Structures are given as structure tokens and as C-alpha cells.
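Colleague: Note that the protein sequences, when read in sequence, are chains H and C.
Here the first sequence is numbered in numbering that gives the first Met the number 0, starting from 0 and rising by one per residue.
Here the second sequence is numbered in numbering that gives the first Met the number 0, starting from 0 and rising by one per residue.
It is possible that part of the hints are untrue.
As the list claims (entries may be wrong) - Stretches of chain C that chain H covers, calculated by requiring three or more beta carbons in the stretch to come under 8 Å of a beta carbon on chain H:
1. 159 to 172
2. 176 to 189
As the list claims (entries may be wrong) - EDC-like cross-link-like pairs, simulated, lysine to aspartate or glutamate; straight-line CA separation at most 16 Å:
3. Lys179/H <-> Glu62/H
4. Lys104/H <-> Glu123/H
5. Lys71/H <-> Asp176/C
6. Lys2/H <-> Glu82/H
7. Lys161/C <-> Asp199/H
8. Lys2/H <-> Glu27/H
Hints listed in this document are in silico derivations from the structure and should not be mistaken for laboratory results.
Predicted model only: the values in this text are computed from it and were never measured.
Glycine residues also receive a C-beta, built at the ideal position from the N, C-alpha and C atoms.
Chain by chain, the residues:
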Amino acid sequence: MLKIDDIHVYYGAIHAIKGISFQVNEGEIVALIGANGAGKSTILKTISGLMHPRSGSISFMGENITHTDAYKLLRHGLAHVPEGRRIFLQMSVQENLDMGAFTQKTVSKEDLDMVFQLFPRLKERRNQVAGTLSGGEQQMLAMSRALMSHPKLMMLDEPSMGLAPILVDQIFSIIQDLHKAGTTILLVEQNASKALKIADRAYVLETGNITLSGTGAELAKSDEVRKAYLGG
Amino acid sequence: MAVLQYLINGLSIGSIYAIIALGYTMVYGIAKMLNFAHGDVIMVGAYISYCVMIYLKMPPVAAILAAIVVCTVLGVLIEALAYRPLRGTSSLAVLITAIGVSYFLQNAAQLIWGVAQKTYSSVVAMESIHLFDGKLLITGEVIVTIITSAVVMVCLTLFTSKTRMGKAMRAVSEDRDAAQLMGINVNRTIAVTFAIGSALAAIAGVLLCSASPALKPTTGSMPGIRAFTAAVFGGIGSIPGAMLGGILLGVIEELCKGLISTQFSDAIVFGVLIVVLLVKPTGLMGKQVQEKV
């Protein structure tokens, strides 16, 4: 479904991603784990077209999207929930959802019902300005906003960042629900134990290179991963 | 009674500043740049409407529409030719380019229409109203200006709060990358913003020259700078801020001219701006949103 082939990404002179290849197959949950600064978010930004690789290629559903502008990709079915949620804080919850449905021309009632069923809290806060939501609610809104476009592949960047453990559990169970409902998931996480538990496959990223890959269960057992990311 | 007169005049000139300030603030909010050529688009609008009325002998309505169309096209062209190629470069480069575009427009106007001042004939045919035995004079221009700007502000507020494109503009203004991830074409949104801002500049040009009929290639500069000040005063990037800032600036200016001194009015107006920015650096209605982690 998504195929990344030997991409090199630079921030000016800094070589951030040093030739990474991996793929996500339809129906999978794939996790990218790694420490801060390993390049996880850069990879997602490069896939979604906010950045472009200097070399290498990216294809999605058989189409080459290496140099496609970010705003066109949502129409292909590729949604990106960025790090730090990046919801529109000065707009209402409803308006944020409207923006999520921007490519749909009109906001359908069924879609709203779908996200309000997943996240009933958002329905209560529908007309509230998004900046007044709690961190967990903001994450829910960011995910809902992405769902409004009916993505085939959803890329989630650190969905658990800064959330209370109970909310982390809730977010992860919703990710699994979305997956069961047919959405393919590419998950970037620092919370490696959680991510590996739900992932079909995972890749470990270290300073711009993939150092390990395998099924979620395999990696969770691997000594290197346990030492580095799972606290022994 | 004199004070009331100054207030009404201030409200009128302030409404014009507000319409111009809207152009500055929308472009700043969405493209994150100061379009210093905005004032000169006002001048072009005034010249176009002047020519349509004087040379083509068409009615004022046709003149206003022609000015709006020409300025809209001009605004979009300026953005596409001068600013878009610089997107992603240093903001200083864009700023200098904007100043260059400003001089370009002024010089082009000199070439086309000459340096000599032209006397603009007002588009307003309404009689002045005299109240309180002639102590209070409300000209037709004042009434038309205030009504027009009220309509403009209501329309713009509805546009940004209700329409798909208007909401997309607010989204781009708040977070350009996130807006792109929603499927919003940022380049197109910026072009639409320039189109709207320039159409407003055309209206402002017609109103401005109807109220004070001296038209020359530098006509747009000073109102442009005052309106820019108004936009900063109200909180640059904020649409209600530009409206409030424009009107306040106009009222303060007229009160200063009437009650204190004509020569010092600019100094006082800019002094007020400095005080406001010292107390509230984001301007009157500028927001500083705190991010939750």
C-alpha cells in the first residue's frame, strides 16, 4: 500500500534520513519506534508531502507520490495526524471537523455521527473553541478531524504524547477500533511498549537509519529493544 | 457639538482606514507578509474609477465595479509574479520586494496618468444633512462611507465564519502545514486573500477620493501607512482588530486635529500606537494562544 524506497531527507545541510526503506501493507498496523531525534516525524512529514526527499521514492497505492504536494494527498486517502496534534486552536471543535472534511465539499451528518460516537466528549464540546480543550480531547479532535476524510491509511505521530495513562489506553484502543474498521495505520511512538503491543510489524529507527525490524511481538522480546526502549 | 462633528468625521475616515487595514491584516494573517504595496492598489483603484467616469463618461456604479475588477486582478498578479516566487525565503526579501512593488505602481501611475494632481469627482450624489441649525454637517460621503464599511465588515465576518473558503483561510492563517494536511491548497487560499484585499482596496480608493478629491500617484501612501498602523494597533492578523483599529485611529486623528493641533495629529496617533504596543504588544485584539502539550 505504502512503499518507501531508499529516501534521503535533509534539513538544509543536515542529513536527517539516511536511506530508509520500508513498507506498509493494506490492513496492517505498522509502528515506527525510536528515540527523540531519530527522524520518526521527519519520515511522516516526507510521506505526507510537507517535506520532500532529496533522493529515493515513495509510492502509495501504486502511485508515485515522492514529489506530490501535501494538500493533494488527502484526496488519495492518506491522512496524517501530526505531532503535537496541530488542531486549529482558535476555531471551534465543529469548525476543526469541517476542515477535516475540506476535501469532501460538504460535511456529512453520518461522518459527524461516526466521530461523535467514537469520541462522545467532542459532541458535548462541539461549539467550544478548540484551544480550551484538554490535551486528551485535543488528540481526540486531531484524530476525528483526520477521519472526516475517510482515509485508507492513517499516519499517527505520537498520539500518546503528554497524556495521562488512562487516556493513553483509550487512544490506543480507539486506534485498534479504527484498524478493525478497515483503516491501515502507520504509528510513530516513543511509548514503544504500547506501540509494539498493537503493531503487526514495527521498525526501530536510530539517527536516520532503520536498525531493526520485525513483528511487534518479536521486537518486544528483542534484547536490544528492551534495553533501549522498554526499560530493560 | 464640535466634538460630535469630529467624532462623525473620525468615524468616516476611520471606516476607510478599517477597509484598508483589513487588506493588510488578512494578507499578513494568511501569507505572513507585510504587503506594503497595498496602499498603492488603493491609488490604482481611484485612478481607474476616475478614468471610467471622466473619459468613458460612465456612471459611478460602473466606475466602482471597474475599479474592483482591475484591483482584484492586479492584486492576484502582484502575488503570483512578485511574492509567490519568494515563498519560503527570508521575510526580509519579501518585505523589500513589497516596497519595490509599491514604487513600481507609483511610477507606473506617473507614466500613465502624469504627476499632476487630478480632481476626483465624488461618486456620491447624496445631499449633505445639516442638523442643529447647521452646527452639525454630515456629508453624503460620510454617510455612504460609514454604511459601505459596515456592509463590508458584516460580509467579511460572515465569509470567514460561515463559508468553506473563509474557514480554510482562517485555518491557513493559524497553521499552514496543518491546513495542507486537511487538503487545503495554500497557494490558492493566498491568491483568494489577495483578491479580496485588493477588491477592498478599490472600494477604499473610491471612498477616500470621494471624501478628499486630490488624486495623484502617491495618494495611497499615507492612508496605506495609517491603515497599516491601524492593523497593528488592532492586532495584526485579526479581522475584528483591523476594523476596531481603523475606526479608533480615524476618531483619534480627527479629535486631535479638531481639539489639539492639526500638525501634531500624526505624532499623537503614532504616540498612541506606541503606548498600546508597550502595554499590549499583540495589539488590542491580537491573540496569543497558549499551546497545550
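Colleague: Are there hints from earlier that the structure breaks, and if so, what are their numbers?
Modeller: Hints 3, 4, 6, 7 contradicted; others consistent.
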